[in-house]
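Peer 1: Sequence:
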Amino acid sequence: MADELLVHTEGAVRTLTLNRPEKLNALNPAVHEALAAAFTAIESDDTIRAVLLTGAGRGFCSGADLMQNLGGTQRDLGAAIDQHYNPLVRRMRALPKPIIAAVNGVAAGAGANLALAADIVIACESANFTEAFIRIGLIPDAGGTFFLPHLVGDARARGLAMLGETITATEAAAIGLIWRCLPDAGFAQAALALATSLAAKPTQAIAAMKQAFNAAATNSLDAQLDLERDLQRTMGRTPDFAEGVRAFAEKRPARFTGAATPP
224 MADELLVHTE GAVRTLTLNR PEKLNALNPA VHEALAAAFT AIESDDTIRA VLLTGAGRGF
284 CSGADLMQNL GGTQRDLGAA IDQHYNPLVR RMRALPKPII AAVNGVAAGA GANLALAADI
344 VIACESANFT EAFIRIGLIP DAGGTFFLPH LVGDARARGL AMLGETITAT EAAAIGLIWR
404 CLPDAGFAQA ALALATSLAA KPTQAIAAMK QAFNAAATNS LDAQLDLERD LQRTMGRTPD
464 FAEGVRAFAE KRPARFTGAA TPP
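Per the working numbering, the sequence shown runs over residues 224 to 486.
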């Protein structure tokens, strides 16, 4: 049996491919455990400077594997969220490296929200997104009730969640749900090129951006201005800032290393 998650490294990019194509890469405990192990490895590996998350076959991720919830007794869905989904979303948002979700097909339910937990979401033209929870009597989880209103506003968030309608990748890009919709042809190569580009940027600055964006959802303007000041003070001491200034003065491309601030 193939591994539930394929892990591949090319340069400074670690690609994680959900690999249950016969189930449209539905999430089960084995997939969650594999993702947890993969992110643990990424967190401790300074040579990895960007993560690309995608799916095998014709789907990105169809959400939770509903077949595991069939049976004669009620299941505690909150326990599964506590054990798997919430830790995964928190790790993705806190990871001090950029995550690109390359949505190559169906993204439904928790699968759609897994994509939205990434920093940048791209999708091919044939992909689609569905907040499918209402179809089985549930609410959006995996961060869905947070991501949706922050990305597309309250009105669209409620419509997407309460109606459970499927929208195309083109529509998702038009309403700001994702960063960009790209042609099917060459999509995997374009996704890797984007991840490679991000891996070459100043990693410490991207980590600080993630920290600031995460805080902005609940901070007051005054608190956010103070956070920007503190983070920028740290960024001004990084080797990449020094390199960026030198490169600007010398009129050449900067060669960022992603190294942390010296003690």
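Keep in mind the hints are simulated off the structure, nothing from the lab.
Among the hints, erroneous ones may be present.
Unchecked claim - In silico DSBU-like pairs for lysine-lysine, Cα to Cα no more than 35 Å straight-line: (1) 474 to 246; (2) 474 to 433; (3) 474 to 424.
To be verified - Just the calculated beta-carbon pair ranges, DEER-fashion: (4) 281 to 445: 43 to 51 Å; (5) 358 to 453: 25 to 33 Å; (6) 472 to 446: 33 to 41 Å; (7) 419 to 349: 21 to 29 Å.
We put the CB at the ideal spot given by N, CA and C, even for glycine.
Peer 1: Does each hint fit the structure? Answer for all of them.
Peer 2: Verification of the supplied hints:
1. 474 to 246: violated (51 Å)
2. 474 to 433: Satisfied, since the Cα-Cα distance of roughly 29 Å is no more than 35 Å.
3. 474 to 424: holds (17 Å)
4. 281 to 445: 43 to 51 Å: holds (48 Å)
5. 358 to 453: 25 to 33 Å: Roughly 45 Å apart at Cβ, these two residues miss the hinted range, so it is violated.
6. 472 to 446: 33 to 41 Å: holds (35 Å)
7. 419 to 349: 21 to 29 Å: holds (24 Å)
Of the numbered hints stated above, those contradicted by the structure are hints 1 and 5, listed in ascending order.
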